[in-house]
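*Asks:* Sequences listed follow chains L and P, in order. Whatever position you read off the first sequence (first residue = 1), add 221 for my numbering. Whatever position you read off the second sequence (first residue = 1), add 103 for my numbering.
Hints in this document: simulated from the structure, not taken from any laboratory. Do not take every clue at face value.
Said to hold, decoys possible - Straight-line Cα separation of at most 30 Å, DSS-like style, residue types lysine-lysine; simulated pairs:
1. 181/P x 158/P
2. 278/L x 211/P
3. 230/L x 278/L
4. 158/P x 176/P
5. 278/L x 176/P
6. 211/P x 181/P
7. 278/L x 173/P
8. 158/P x 278/L
9. 211/P x 176/P
10. 230/L x 173/P
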Amino acid sequence: DSGVTQTPKHLITATGQRVTLRCSPRSGDLSVYWYQQSLDQGLQFLIQYYNGEERAKGNILERFSAQQFPDLHSELNLSSLELGDSALYFCASSERDSYNEQFFGPGTRLTVL
Amino acid sequence: AQTVTQSQPEMSVQEAETVTLSCTYDTSESDYYLFWYKQPPSRQMILVIRQEAYKQQNATENRFSVNFQKAAKSFSLKISDSQLGDAAMYFCAYRSALIGADGLTFGKGTHLIIQP
């Protein structure tokens with residue numbers, strides 16, 4: 222158990238819908254990262270937040286957005302969902318920034334039908 | 104942009120034997136971190152080992168060790184005395200040491216099979 226929690230574990234929805242994935246980092250970790258793992262794209266970095274502010278942006282679509290709240294939990298919002306958005310979405314957290322190990326949550330499996 | 108290449112989609116090894124997984128990366132930076140993550144069938148991402156680019160000494164964690172060749176941009180993982188529980192996908196990952204740099208850049212992964 223990494224100490225990072227993600228809810229829900231599984232999510233099944235339809236095309237065009239909007240969903241929110243939630244992540245709670247390890248106690249004391251200030252950075253939260255979101256990654257997408259899909260069969261065709263592999264593991265891709267989406268976005269990072271550090272202490273409530275956006276720190277780095279990767280291959281995140283404009284239909285996707287994220288935020289980190291004062292209690293440091295984070296939410297990833299996916300809208301206008303397409304079949305290709307079906308993937309495993311991981312949240313990871315680290316104490317501060319680049320040199321710290323990232324601890325991964327168990328992931329949320331999103332299926333878009 | 105940095106890239107990470109794992110040229111072995113699948114590797115197979117007998118239990119108790121040694122196996123080496125390959126990883127090469129491309130970067131113009133001099134300061135960075137390299138990681139090997141394990142993803143068993145549960146899909147949990149587990150850090151196996153990490154290497155700081157400024158350290159010449161290769162990292163070791165019990166049965167896991169790396170061969171870090173900075174000039175060649177190579178970062179291989181050696182697993183000694185392979186065990187059935189080592190069966191998993193293994194991902195090599197890169198991260199710049201710059202503050203504000205992107206998250207981890209992963210390779211495509213190597214599926215490791217352990218033959219009993």
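*Asks:* All the hints need checking, so say for each whether the structure fits it.
*Replies:* Taking the hints in turn, this is what the structure says about them:
| no. | hint | verdict |
| --- | --- | --- |
| 1 | 181/P x 158/P | holds (18 Å) |
| 2 | 278/L x 211/P | holds (20 Å) |
| 3 | 230/L x 278/L | holds (24 Å) |
| 4 | 158/P x 176/P | holds (14 Å) |
| 5 | 278/L x 176/P | holds (25 Å) |
| 6 | 211/P x 181/P | holds (18 Å) |
| 7 | 278/L x 173/P | holds (27 Å) |
| 8 | 158/P x 278/L | holds (28 Å) |
| 9 | 211/P x 176/P | holds (17 Å) |
| 10 | 230/L x 173/P | violated (39 Å) |
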